[in-house]
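Let's have the full structure, built from the sequences with the hints guiding it.
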Amino acid sequence: MKKLSLKIFVSASMLVFAGCNDWLERKPQNIILEDQVWNDPKMITGLLANYYDRLPAHTSLTTGWAEFSAYDEAMWSNNDDGRNNIINYPTTRWTLWDYGLIRDINLALESIETHAVKLSDAQKAQFNAELRFLRAYVYFEHVKRMGGVPLITKQLIYDFSGDPSPLQNARAKEEEVYDFIASELDAVKDLLGNGTSNTRATKFTALAVKSRAMLYAASIAKYNNLMASPISTPGGEVGIPAARAKDYYAKSLAASAEIINSGSFELYKSNPDKGVNFYEAITKKSANREVIWAQDFLVSKDKRHGFTYDNIARNVREDNLSSSSITPSLNLVEDYEYLDGTSGELKNRNAGNTDYVYYDKLQDIFANKDARLYGTIIYPGTSFRGTEVQIQAGVKVWDNATNAFKTVESNVLGSTYDDGGLLTGASGPQRSQTEVSNTGFYLRKFVDQTAMSSTRGIRSDMWWVRFRLGEIYLNAAEAALELGQTADALKYTNTLRERAGFPANSLKTINLEKLQNERRVELAFEDHRVWDLMRWRTAHEVWNGNSANADAMIYALYPYRVVRPGHATHGKYVFDKLVAPRFRAPRFFQIANYYSFIPQNAIDNNPKIVRNPFH
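The sequence shown runs -18 to -1, 1 to 597 under mature numbering (1 follows the signal peptide of the UniProt record, and there is no 0).
Derived from the structure by calculation, the hints contain no laboratory data.
Cut-off 30 Å, straight-line C-alpha distance, at most; resulting in silico cross-link-like pairs (DSS-like, lysine-lysine):
id: 1; residue 1: K136; residue 2: K106
id: 2; residue 1: K590; residue 2: K136
id: 3; residue 1: K554; residue 2: K256
id: 4; residue 1: K329; residue 2: K554
id: 5; residue 1: K343; residue 2: K554
id: 6; residue 1: K473; residue 2: K251
id: 7; residue 1: K24; residue 2: K283
id: 8; residue 1: K490; residue 2: K256
id: 9; residue 1: K473; residue 2: K256
id: 10; residue 1: K285; residue 2: K266
Here it is in C-alpha coordinates:
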(Lines of atoms letter the chains of each structure in order from A and count residues from 1; the text may use other names and numbers.)
(Lines give C-alpha, C1' and ligand atoms only; values in the text may rest on other atoms or scores of the structure.)
Protein backbone atom coordinates (compact mmCIF):
# COMPACT_ATOMS: atom_id res chain seq x y z
CA MET A 1 0.00 0.00 0.00
CA LYS A 2 2.83 2.41 0.83
CA LYS A 3 4.54 1.73 -2.52
CA LEU A 4 1.30 2.41 -4.41
CA SER A 5 0.85 5.75 -2.59
CA LEU A 6 4.41 6.84 -3.43
CA LYS A 7 3.91 5.97 -7.11
CA ILE A 8 0.70 8.00 -7.23
CA PHE A 9 2.47 11.03 -5.61
CA VAL A 10 5.43 10.92 -8.01
CA SER A 11 3.14 10.55 -11.01
CA ALA A 12 1.04 13.51 -9.89
CA SER A 13 4.13 15.63 -9.34
CA MET A 14 5.42 14.85 -12.82
CA LEU A 15 2.08 15.88 -14.28
CA VAL A 16 2.24 19.21 -12.42
CA PHE A 17 5.79 19.91 -13.59
CA ALA A 18 4.95 18.85 -17.11
CA GLY A 19 2.16 21.42 -17.14
CA CYS A 20 4.51 24.21 -16.01
CA ASN A 21 7.65 23.88 -18.09
CA ASP A 22 9.08 27.18 -16.80
CA TRP A 23 8.60 26.43 -13.08
CA LEU A 24 12.30 25.75 -12.48
CA GLU A 25 13.22 28.88 -14.42
CA ARG A 26 11.36 31.28 -12.14
CA LYS A 27 13.40 34.08 -10.57
CA PRO A 28 13.61 33.86 -6.79
CA GLN A 29 11.83 36.67 -4.95
CA ASN A 30 14.28 36.88 -2.04
CA ILE A 31 17.57 37.07 -3.93
CA ILE A 32 18.90 40.07 -5.83
CA LEU A 33 21.02 39.04 -8.80
CA GLU A 34 24.23 40.80 -9.81
CA ASP A 35 22.81 42.03 -13.09
CA GLN A 36 19.91 43.58 -11.19
CA VAL A 37 22.18 45.42 -8.76
CA TRP A 38 24.69 46.82 -11.22
CA ASN A 39 22.06 48.02 -13.67
CA ASP A 40 19.95 49.85 -11.10
CA PRO A 41 21.27 53.32 -10.16
CA LYS A 42 19.21 53.31 -6.95
CA MET A 43 20.73 50.04 -5.79
CA ILE A 44 24.25 51.26 -6.57
CA THR A 45 23.53 54.48 -4.70
CA GLY A 46 22.40 52.38 -1.74
CA LEU A 47 25.70 50.49 -1.79
CA LEU A 48 27.56 53.79 -1.93
CA ALA A 49 25.66 54.98 1.14
CA ASN A 50 26.82 51.84 2.93
CA TYR A 51 30.43 52.54 1.94
CA TYR A 52 30.21 56.16 3.09
CA ASP A 53 28.92 54.99 6.46
CA ARG A 54 31.80 52.51 6.74
CA LEU A 55 34.56 55.03 6.07
CA PRO A 56 37.17 54.71 8.82
CA ALA A 57 37.31 57.49 11.38
CA HIS A 58 39.43 58.09 14.43
CA THR A 59 36.78 60.28 15.98
CA SER A 60 33.32 61.40 14.90
CA LEU A 61 29.98 62.00 16.58
CA THR A 62 29.25 58.27 16.47
CA THR A 63 32.69 56.62 16.52
CA GLY A 64 35.48 57.18 18.98
CA TRP A 65 34.32 60.63 20.11
CA ALA A 66 35.52 59.82 23.63
CA GLU A 67 39.06 60.13 22.24
CA PHE A 68 38.65 63.90 22.34
CA SER A 69 39.42 63.46 26.03
CA ALA A 70 42.57 61.40 25.45
CA TYR A 71 44.95 64.14 24.33
CA ASP A 72 45.17 67.78 25.45
CA GLU A 73 41.97 69.41 24.21
CA ALA A 74 39.88 67.95 27.02
CA MET A 75 39.54 65.34 29.73
CA TRP A 76 36.86 62.83 30.70
CA SER A 77 34.41 64.00 33.37
CA ASN A 78 31.85 61.20 33.17
CA ASN A 79 32.17 57.81 34.88
CA ASP A 80 35.35 55.71 34.61
CA ASP A 81 38.66 57.55 34.92
CA GLY A 82 40.50 55.36 32.41
CA ARG A 83 41.04 58.18 29.92
CA ASN A 84 42.47 60.36 32.69
CA ASN A 85 44.98 57.68 33.62
CA ILE A 86 46.63 56.78 30.31
CA ILE A 87 50.15 55.74 31.35
CA ASN A 88 51.18 55.63 27.69
CA TYR A 89 49.58 55.26 24.30
CA PRO A 90 49.72 51.64 23.05
CA THR A 91 51.10 51.18 19.55
CA THR A 92 47.76 49.63 18.53
CA ARG A 93 45.80 52.76 19.41
CA TRP A 94 45.53 54.06 15.86
CA THR A 95 45.88 50.75 13.98
CA LEU A 96 43.82 50.43 10.81
CA TRP A 97 43.96 47.48 8.40
CA ASP A 98 40.53 47.50 6.75
CA TYR A 99 40.87 45.60 3.50
CA GLY A 100 37.28 44.43 3.77
CA LEU A 101 36.03 47.84 2.66
CA ILE A 102 38.75 48.13 0.00
CA ARG A 103 37.74 44.71 -1.36
CA ASP A 104 34.09 45.74 -1.53
CA ILE A 105 34.99 48.90 -3.42
CA ASN A 106 37.21 46.96 -5.85
CA LEU A 107 34.39 44.43 -6.37
CA ALA A 108 31.96 47.26 -7.11
CA LEU A 109 34.32 48.86 -9.61
CA GLU A 110 34.83 45.58 -11.48
CA SER A 111 31.14 44.68 -11.37
CA ILE A 112 30.06 47.98 -12.88
CA GLU A 113 32.56 47.43 -15.67
CA THR A 114 31.36 43.84 -16.27
CA HIS A 115 27.63 43.86 -15.54
CA ALA A 116 26.32 47.42 -15.93
CA VAL A 117 25.14 47.10 -19.54
CA LYS A 118 22.02 49.20 -18.96
CA LEU A 119 23.77 52.19 -17.42
CA SER A 120 24.73 55.13 -19.59
CA ASP A 121 28.39 55.98 -20.00
CA ALA A 122 27.84 59.07 -17.87
CA GLN A 123 26.30 57.01 -15.06
CA LYS A 124 29.17 54.52 -15.18
CA ALA A 125 31.72 57.32 -15.08
CA GLN A 126 30.00 58.94 -12.10
CA PHE A 127 29.79 55.75 -10.04
CA ASN A 128 33.31 54.73 -11.01
CA ALA A 129 34.67 58.10 -9.93
CA GLU A 130 32.81 58.07 -6.62
CA LEU A 131 34.05 54.58 -5.77
CA ARG A 132 37.65 55.52 -6.61
CA PHE A 133 37.32 58.62 -4.46
CA LEU A 134 36.15 56.53 -1.50
CA ARG A 135 39.02 54.08 -2.02
CA ALA A 136 41.55 56.92 -2.12
CA TYR A 137 40.12 58.30 1.12
CA VAL A 138 40.35 54.88 2.80
CA TYR A 139 43.99 54.63 1.75
CA PHE A 140 44.64 58.07 3.23
CA GLU A 141 43.19 56.92 6.53
CA HIS A 142 45.56 53.94 6.37
CA VAL A 143 48.75 55.73 5.40
CA LYS A 144 48.48 58.44 8.07
CA ARG A 145 48.40 55.70 10.71
CA MET A 146 50.44 52.85 9.27
CA GLY A 147 52.83 54.31 6.72
CA GLY A 148 52.96 52.40 3.46
CA VAL A 149 50.37 49.65 3.03
CA PRO A 150 49.72 47.19 0.18
CA LEU A 151 48.01 49.00 -2.68
CA ILE A 152 45.26 46.64 -3.80
CA THR A 153 43.17 47.90 -6.71
CA LYS A 154 41.74 44.60 -7.99
CA GLN A 155 39.95 41.72 -6.31
CA LEU A 156 42.25 39.07 -4.91
CA ILE A 157 40.68 35.72 -5.78
CA TYR A 158 42.19 32.46 -4.58
CA ASP A 159 42.55 29.76 -7.28
CA PHE A 160 42.72 26.81 -4.85
CA SER A 161 46.11 25.82 -6.23
CA GLY A 162 47.62 25.53 -2.78
CA ASP A 163 49.87 28.52 -3.48
CA PRO A 164 48.71 31.73 -1.70
CA SER A 165 51.66 33.84 -2.90
CA PRO A 166 49.69 35.63 -5.67
CA LEU A 167 47.46 37.01 -2.91
CA GLN A 168 50.39 38.21 -0.81
CA ASN A 169 51.28 41.80 -1.66
CA ALA A 170 54.15 43.72 -0.13
CA ARG A 171 53.67 47.10 1.47
CA ALA A 172 54.04 50.03 -0.91
CA LYS A 173 56.40 52.81 0.06
CA GLU A 174 54.82 55.53 2.17
CA GLU A 175 55.33 58.06 -0.61
CA GLU A 176 53.82 55.67 -3.17
CA VAL A 177 50.57 55.53 -1.19
CA TYR A 178 50.40 59.33 -1.04
CA ASP A 179 51.19 59.50 -4.77
CA PHE A 180 48.40 57.00 -5.47
CA ILE A 181 45.94 59.10 -3.47
CA ALA A 182 46.91 62.25 -5.38
CA SER A 183 46.71 60.59 -8.80
CA GLU A 184 43.33 58.98 -8.05
CA LEU A 185 41.84 62.25 -6.83
CA ASP A 186 43.17 64.07 -9.89
CA ALA A 187 41.72 61.41 -12.16
CA VAL A 188 38.22 61.48 -10.74
CA LYS A 189 37.64 65.03 -9.52
CA ASP A 190 36.04 66.31 -12.73
CA LEU A 191 33.87 63.20 -13.08
CA LEU A 192 32.33 63.19 -9.62
CA GLY A 193 29.27 65.32 -10.24
CA ASN A 194 26.83 65.36 -7.29
CA GLY A 195 26.22 69.07 -7.78
CA THR A 196 26.63 71.12 -4.62
CA SER A 197 26.21 68.18 -2.24
CA ASN A 198 28.18 68.37 0.99
CA THR A 199 27.41 64.79 1.98
CA ARG A 200 28.55 63.01 -1.20
CA ALA A 201 31.84 63.46 -3.00
CA THR A 202 32.16 66.33 -5.45
CA LYS A 203 35.08 67.86 -7.27
CA PHE A 204 35.75 70.05 -4.25
CA THR A 205 35.58 67.13 -1.82
CA ALA A 206 38.35 65.48 -3.83
CA LEU A 207 40.36 68.71 -3.76
CA ALA A 208 39.85 69.02 -0.01
CA VAL A 209 41.13 65.49 0.62
CA LYS A 210 44.10 66.22 -1.62
CA SER A 211 44.76 69.48 0.22
CA ARG A 212 45.00 67.64 3.55
CA ALA A 213 46.73 64.47 2.35
CA MET A 214 49.48 66.31 0.48
CA LEU A 215 50.08 68.56 3.48
CA TYR A 216 50.55 65.47 5.65
CA ALA A 217 52.95 63.92 3.13
CA ALA A 218 54.96 67.15 2.88
CA SER A 219 55.21 67.52 6.66
CA ILE A 220 56.47 63.96 7.07
CA ALA A 221 58.99 64.42 4.27
CA LYS A 222 60.33 67.54 5.97
CA TYR A 223 60.01 67.00 9.71
CA ASN A 224 60.66 63.27 9.94
CA ASN A 225 64.03 63.93 8.32
CA LEU A 226 64.81 66.73 10.81
CA MET A 227 64.56 64.32 13.75
CA ALA A 228 67.82 63.28 15.40
CA SER A 229 67.01 59.72 14.29
CA PRO A 230 64.55 59.78 11.39
CA ILE A 231 61.96 57.01 11.48
CA SER A 232 62.27 54.82 8.41
CA THR A 233 62.52 51.32 6.99
CA PRO A 234 65.11 50.24 4.38
CA GLY A 235 62.42 49.69 1.77
CA GLY A 236 60.73 53.05 2.29
CA GLU A 237 57.55 51.57 3.76
CA VAL A 238 58.03 54.20 6.45
CA GLY A 239 59.61 57.57 5.81
CA ILE A 240 59.44 59.93 2.84
CA PRO A 241 62.59 61.45 1.27
CA ALA A 242 63.12 65.09 2.27
CA ALA A 243 63.43 66.02 -1.40
CA ARG A 244 59.71 65.30 -1.87
CA ALA A 245 58.54 67.92 0.64
CA LYS A 246 58.45 70.89 -1.75
CA ASP A 247 56.43 69.01 -4.36
CA TYR A 248 53.88 67.84 -1.80
CA TYR A 249 53.52 71.32 -0.31
CA ALA A 250 52.96 72.71 -3.81
CA LYS A 251 50.26 70.12 -4.54
CA SER A 252 48.51 70.90 -1.26
CA LEU A 253 48.62 74.63 -1.91
CA ALA A 254 47.31 74.24 -5.46
CA ALA A 255 44.35 72.13 -4.29
CA SER A 256 43.57 74.57 -1.48
CA ALA A 257 43.81 77.61 -3.75
CA GLU A 258 41.50 76.02 -6.31
CA ILE A 259 38.81 75.58 -3.65
CA ILE A 260 39.26 79.07 -2.21
CA ASN A 261 39.33 80.79 -5.58
CA SER A 262 36.42 78.80 -7.05
CA GLY A 263 33.76 80.95 -5.37
CA SER A 264 31.83 77.77 -4.57
CA PHE A 265 32.47 78.14 -0.85
CA GLU A 266 32.78 81.00 1.57
CA LEU A 267 33.53 81.41 5.26
CA TYR A 268 30.32 81.52 7.26
CA LYS A 269 29.65 85.09 8.40
CA SER A 270 25.87 85.25 8.76
CA ASN A 271 25.62 86.11 12.45
CA PRO A 272 26.91 89.50 13.69
CA ASP A 273 27.79 87.91 17.04
CA LYS A 274 31.18 86.48 16.13
CA GLY A 275 31.18 83.85 18.85
CA VAL A 276 27.75 82.53 17.91
CA ASN A 277 28.75 82.84 14.26
CA PHE A 278 31.68 80.45 14.74
CA TYR A 279 29.44 77.92 16.48
CA GLU A 280 26.97 78.12 13.58
CA ALA A 281 29.78 77.79 11.02
CA ILE A 282 30.23 74.21 12.15
CA THR A 283 26.73 73.26 13.29
CA LYS A 284 24.28 75.01 10.96
CA LYS A 285 23.19 72.86 8.03
CA SER A 286 21.14 75.30 5.95
CA ALA A 287 22.60 78.26 4.09
CA ASN A 288 26.11 77.26 5.16
CA ARG A 289 28.58 77.41 2.30
CA GLU A 290 31.59 76.73 4.50
CA VAL A 291 31.06 72.98 4.88
CA ILE A 292 32.61 70.95 2.05
CA TRP A 293 31.93 67.41 3.24
CA ALA A 294 29.98 66.16 6.25
CA GLN A 295 28.54 62.95 7.62
CA ASP A 296 24.90 63.85 8.02
CA PHE A 297 22.13 62.56 10.28
CA LEU A 298 18.37 63.05 10.21
CA VAL A 299 15.93 62.54 13.07
CA SER A 300 12.98 62.00 10.73
CA LYS A 301 14.79 59.01 9.18
CA ASP A 302 15.89 57.74 12.61
CA LYS A 303 19.50 58.34 11.68
CA ARG A 304 20.71 60.07 14.82
CA HIS A 305 23.22 59.80 17.64
CA GLY A 306 23.71 60.41 21.35
CA PHE A 307 26.64 62.82 21.28
CA THR A 308 24.64 65.71 22.72
CA TYR A 309 23.02 63.43 25.30
CA ASP A 310 26.48 62.46 26.60
CA ASN A 311 28.17 65.85 26.39
CA ILE A 312 25.66 68.58 27.17
CA ALA A 313 26.44 70.80 30.16
CA ARG A 314 25.12 69.46 33.47
CA ASN A 315 22.41 71.96 34.41
CA VAL A 316 20.87 72.21 30.93
CA ARG A 317 20.56 68.49 30.28
CA GLU A 318 17.09 67.12 29.57
CA ASP A 319 17.63 63.60 30.88
CA ASN A 320 19.06 62.99 34.33
CA LEU A 321 21.12 60.01 33.30
CA SER A 322 24.20 61.22 31.42
CA SER A 323 26.07 64.38 30.46
CA SER A 324 29.33 66.26 30.73
CA SER A 325 31.65 63.59 29.35
CA ILE A 326 34.06 65.70 27.28
CA THR A 327 35.13 68.77 29.25
CA PRO A 328 37.68 71.10 27.61
CA SER A 329 40.99 71.88 29.26
CA LEU A 330 42.29 75.20 30.53
CA ASN A 331 45.31 74.47 28.31
CA LEU A 332 43.13 74.86 25.23
CA VAL A 333 41.21 77.85 26.60
CA GLU A 334 44.44 79.76 27.16
CA ASP A 335 45.58 79.16 23.58
CA TYR A 336 42.81 81.49 22.37
CA GLU A 337 44.52 84.89 22.24
CA TYR A 338 43.15 88.24 23.29
CA LEU A 339 42.03 90.43 20.40
CA ASP A 340 44.91 92.82 20.98
CA GLY A 341 47.24 90.00 20.01
CA THR A 342 48.55 89.26 23.50
CA SER A 343 48.89 85.79 24.95
CA GLY A 344 45.67 84.05 25.86
CA GLU A 345 46.82 83.26 29.38
CA LEU A 346 43.99 84.15 31.75
CA LYS A 347 44.78 86.82 34.33
CA ASN A 348 43.75 85.34 37.65
CA ARG A 349 46.58 86.75 39.83
CA ASN A 350 48.17 90.20 39.99
CA ALA A 351 51.60 90.93 38.59
CA GLY A 352 53.41 90.11 41.82
CA ASN A 353 51.27 87.01 42.47
CA THR A 354 50.38 88.48 45.88
CA ASP A 355 46.65 88.61 45.37
CA TYR A 356 43.83 87.65 43.05
CA VAL A 357 42.54 89.71 40.18
CA TYR A 358 38.91 90.45 41.08
CA TYR A 359 36.15 90.41 38.46
CA ASP A 360 32.64 91.86 38.63
CA LYS A 361 31.22 89.07 36.49
CA LEU A 362 32.37 85.52 35.84
CA GLN A 363 32.70 86.11 32.12
CA ASP A 364 34.87 89.21 32.53
CA ILE A 365 38.09 87.19 32.72
CA PHE A 366 37.37 86.07 29.14
CA ALA A 367 36.55 89.53 27.81
CA ASN A 368 38.07 90.51 24.45
CA LYS A 369 39.15 86.99 23.64
CA ASP A 370 39.24 85.33 20.23
CA ALA A 371 35.56 84.71 19.40
CA ARG A 372 36.33 81.13 18.44
CA LEU A 373 36.60 80.41 22.17
CA TYR A 374 32.90 81.14 22.69
CA GLY A 375 31.94 79.14 19.61
CA THR A 376 33.87 76.11 20.84
CA ILE A 377 33.65 76.08 24.64
CA ILE A 378 31.08 76.92 27.31
CA TYR A 379 32.97 78.90 29.94
CA PRO A 380 31.80 80.52 33.22
CA GLY A 381 29.21 83.26 32.74
CA THR A 382 27.92 82.01 29.40
CA SER A 383 24.70 80.28 28.36
CA PHE A 384 23.45 77.43 26.25
CA ARG A 385 19.91 77.16 24.86
CA GLY A 386 19.18 80.51 26.51
CA THR A 387 19.97 79.21 29.99
CA GLU A 388 23.03 80.16 32.02
CA VAL A 389 25.38 77.26 32.51
CA GLN A 390 25.98 77.84 36.21
CA ILE A 391 29.71 77.30 36.76
CA GLN A 392 31.04 78.17 40.23
CA ALA A 393 33.27 75.93 42.37
CA GLY A 394 32.49 77.56 45.71
CA VAL A 395 33.16 80.69 47.72
CA LYS A 396 36.27 82.35 49.09
CA VAL A 397 35.48 83.54 52.61
CA TRP A 398 37.78 86.11 54.16
CA ASP A 399 39.12 85.04 57.55
CA ASN A 400 40.17 88.07 59.63
CA ALA A 401 42.04 85.84 62.09
CA THR A 402 44.43 84.49 59.44
CA ASN A 403 44.17 87.49 57.14
CA ALA A 404 43.54 85.11 54.25
CA PHE A 405 40.76 83.47 52.29
CA LYS A 406 39.20 80.18 53.31
CA THR A 407 37.89 78.07 50.42
CA VAL A 408 34.42 76.60 50.91
CA GLU A 409 33.00 74.09 48.42
CA SER A 410 30.06 71.71 48.42
CA ASN A 411 29.27 68.40 46.72
CA VAL A 412 25.67 69.56 46.39
CA LEU A 413 25.24 71.15 42.98
CA GLY A 414 23.26 74.40 43.07
CA SER A 415 23.74 74.77 46.84
CA THR A 416 23.65 78.10 48.70
CA TYR A 417 26.04 79.55 51.25
CA ASP A 418 25.19 80.97 54.66
CA ASP A 419 24.71 84.44 53.20
CA GLY A 420 21.99 83.15 50.89
CA GLY A 421 24.13 83.45 47.77
CA LEU A 422 25.25 80.67 45.47
CA LEU A 423 27.83 78.29 46.86
CA THR A 424 28.41 75.67 44.17
CA GLY A 425 27.02 76.05 40.66
CA ALA A 426 24.45 73.64 39.26
CA SER A 427 27.11 72.72 36.69
CA GLY A 428 29.98 72.53 39.16
CA PRO A 429 32.88 72.20 38.69
CA GLN A 430 33.40 69.28 41.03
CA ARG A 431 36.66 67.74 42.19
CA SER A 432 35.48 64.12 42.34
CA GLN A 433 31.82 63.91 41.33
CA THR A 434 31.11 62.41 37.90
CA GLU A 435 28.82 63.69 35.13
CA VAL A 436 29.83 67.24 35.97
CA SER A 437 32.82 69.20 34.70
CA ASN A 438 36.13 68.54 36.40
CA THR A 439 37.87 71.29 34.43
CA GLY A 440 35.42 74.19 34.83
CA PHE A 441 34.45 74.13 31.13
CA TYR A 442 31.95 72.38 28.88
CA LEU A 443 31.92 71.63 25.17
CA ARG A 444 29.81 73.81 22.86
CA LYS A 445 31.04 72.77 19.40
CA PHE A 446 28.90 69.94 17.97
CA VAL A 447 26.52 69.99 20.96
CA ASP A 448 23.00 70.40 19.61
CA GLN A 449 20.87 73.37 20.69
CA THR A 450 17.66 71.77 19.40
CA ALA A 451 15.10 71.04 22.11
CA MET A 452 14.98 67.39 23.22
CA SER A 453 18.20 66.49 21.38
CA SER A 454 19.84 65.55 24.69
CA THR A 455 17.20 62.95 25.51
CA ARG A 456 17.56 59.25 24.84
CA GLY A 457 14.19 59.14 23.08
CA ILE A 458 14.96 61.86 20.51
CA ARG A 459 18.73 62.24 20.37
CA SER A 460 20.46 64.48 17.82
CA ASP A 461 20.97 64.77 14.08
CA MET A 462 23.91 67.19 14.39
CA TRP A 463 26.25 66.48 11.50
CA TRP A 464 29.94 65.62 11.69
CA VAL A 465 31.99 68.01 9.56
CA ARG A 466 34.81 66.19 7.82
CA PHE A 467 36.12 69.12 5.75
CA ARG A 468 35.29 72.81 5.77
CA LEU A 469 36.73 75.94 4.24
CA GLY A 470 38.31 77.08 7.52
CA GLU A 471 40.71 74.15 7.38
CA ILE A 472 41.46 74.77 3.71
CA TYR A 473 42.58 78.32 4.52
CA LEU A 474 44.93 76.94 7.16
CA ASN A 475 46.24 74.24 4.84
CA ALA A 476 46.93 76.90 2.23
CA ALA A 477 48.64 79.14 4.78
CA GLU A 478 50.93 76.38 6.01
CA ALA A 479 51.88 75.17 2.55
CA ALA A 480 52.52 78.74 1.41
CA LEU A 481 54.70 79.41 4.45
CA GLU A 482 56.75 76.26 3.85
CA LEU A 483 57.22 77.30 0.22
CA GLY A 484 58.46 80.75 1.22
CA GLN A 485 55.29 82.54 0.11
CA THR A 486 54.95 84.48 3.34
CA ALA A 487 52.59 87.17 2.05
CA ASP A 488 50.06 84.55 0.99
CA ALA A 489 50.44 82.69 4.29
CA LEU A 490 49.63 85.92 6.13
CA LYS A 491 46.67 86.66 3.87
CA TYR A 492 45.06 83.26 4.43
CA THR A 493 45.65 83.32 8.18
CA ASN A 494 44.47 86.88 8.72
CA THR A 495 41.26 86.15 6.81
CA LEU A 496 40.33 83.53 9.41
CA ARG A 497 41.43 85.69 12.33
CA GLU A 498 39.33 88.62 11.11
CA ARG A 499 36.23 86.43 11.21
CA ALA A 500 37.14 85.62 14.83
CA GLY A 501 37.09 89.31 15.76
CA PHE A 502 40.71 90.33 15.23
CA PRO A 503 41.42 93.56 13.35
CA ALA A 504 42.21 93.30 9.66
CA ASN A 505 45.80 92.20 9.02
CA SER A 506 46.29 91.59 12.73
CA LEU A 507 49.33 89.42 12.09
CA LYS A 508 52.29 91.24 10.63
CA THR A 509 54.70 88.31 10.73
CA ILE A 510 54.08 84.60 10.68
CA ASN A 511 55.94 81.40 11.48
CA LEU A 512 55.08 77.74 11.88
CA GLU A 513 54.53 78.06 15.64
CA LYS A 514 51.91 80.74 15.03
CA LEU A 515 50.16 78.63 12.41
CA GLN A 516 50.20 75.63 14.71
CA ASN A 517 48.30 77.63 17.31
CA GLU A 518 45.83 78.85 14.70
CA ARG A 519 45.07 75.26 13.77
CA ARG A 520 44.64 74.38 17.44
CA VAL A 521 42.00 77.04 18.11
CA GLU A 522 40.20 76.96 14.75
CA LEU A 523 39.96 73.18 14.44
CA ALA A 524 39.58 72.07 18.07
CA PHE A 525 37.46 68.92 18.45
CA GLU A 526 37.43 68.32 14.68
CA ASP A 527 39.97 65.45 14.86
CA HIS A 528 43.11 67.31 13.81
CA ARG A 529 45.19 67.67 16.96
CA VAL A 530 46.79 64.25 17.24
CA TRP A 531 47.44 63.98 13.49
CA ASP A 532 48.96 67.48 13.35
CA LEU A 533 51.41 66.72 16.16
CA MET A 534 52.28 63.41 14.51
CA ARG A 535 53.06 64.91 11.10
CA TRP A 536 55.12 67.74 12.61
CA ARG A 537 56.95 65.09 14.66
CA THR A 538 56.38 67.04 17.88
CA ALA A 539 53.93 64.69 19.66
CA HIS A 540 56.71 63.03 21.68
CA GLU A 541 57.91 66.44 22.85
CA VAL A 542 54.51 67.94 23.68
CA TRP A 543 53.24 64.79 25.42
CA ASN A 544 56.48 63.59 26.98
CA GLY A 545 55.05 61.83 30.02
CA ASN A 546 56.60 64.34 32.43
CA SER A 547 54.24 65.85 34.99
CA ALA A 548 56.53 68.89 35.18
CA ASN A 549 55.66 69.61 31.54
CA ALA A 550 52.45 71.66 31.52
CA ASP A 551 51.63 70.51 27.97
CA ALA A 552 51.41 66.90 29.13
CA MET A 553 48.98 67.73 31.94
CA ILE A 554 45.32 68.76 31.89
CA TYR A 555 44.55 71.95 33.81
CA ALA A 556 41.31 73.34 35.20
CA LEU A 557 39.90 76.75 36.14
CA TYR A 558 37.75 76.98 39.28
CA PRO A 559 35.71 80.18 39.84
CA TYR A 560 34.76 81.40 43.34
CA ARG A 561 32.48 84.10 44.69
CA VAL A 562 34.17 86.35 47.25
CA VAL A 563 32.51 86.61 50.65
CA ARG A 564 34.05 89.62 52.44
CA PRO A 565 31.26 91.88 53.75
CA GLY A 566 32.14 95.55 53.96
CA HIS A 567 35.11 95.20 51.61
CA ALA A 568 35.32 96.43 48.02
CA THR A 569 35.90 92.86 46.78
CA HIS A 570 32.74 91.43 48.36
CA GLY A 571 30.57 89.72 45.75
CA LYS A 572 33.27 89.75 43.10
CA TYR A 573 34.79 86.64 41.50
CA VAL A 574 38.26 85.11 41.62
CA PHE A 575 39.73 82.08 39.85
CA ASP A 576 42.11 79.29 40.80
CA LYS A 577 44.17 77.43 38.21
CA LEU A 578 44.97 73.85 39.10
CA VAL A 579 45.68 70.43 37.65
CA ALA A 580 42.27 68.88 37.02
CA PRO A 581 41.68 66.85 40.20
CA ARG A 582 40.57 63.67 38.41
CA PHE A 583 43.50 63.80 35.97
CA ARG A 584 45.93 61.05 36.96
CA ALA A 585 48.84 60.66 34.51
CA PRO A 586 50.66 62.99 32.10
CA ARG A 587 50.14 62.29 28.43
CA PHE A 588 52.96 60.11 27.11
CA PHE A 589 53.50 59.68 23.37
CA GLN A 590 56.52 57.58 22.43
CA ILE A 591 58.55 57.40 19.22
CA ALA A 592 56.99 54.00 18.49
CA ASN A 593 53.56 55.68 18.34
CA TYR A 594 54.30 57.57 15.13
CA TYR A 595 53.48 54.44 13.13
CA SER A 596 50.91 51.98 14.40
CA PHE A 597 51.28 48.27 15.00
CA ILE A 598 50.38 46.04 12.07
CA PRO A 599 47.99 43.27 13.18
CA GLN A 600 49.85 40.03 13.79
CA ASN A 601 47.42 38.00 11.70
CA ALA A 602 48.23 40.22 8.70
CA ILE A 603 51.92 39.42 9.14
CA ASP A 604 51.26 35.72 9.74
CA ASN A 605 49.21 35.48 6.55
CA ASN A 606 51.67 37.45 4.44
CA PRO A 607 55.43 37.06 4.98
CA LYS A 608 56.04 40.01 2.63
CA ILE A 609 54.68 42.47 5.21
CA VAL A 610 57.48 44.44 6.88
CA ARG A 611 56.90 45.43 10.50
CA ASN A 612 56.88 49.08 11.48
CA PRO A 613 59.90 50.44 13.38
CA PHE A 614 60.10 49.73 17.14
CA HIS A 615 57.33 47.10 16.93
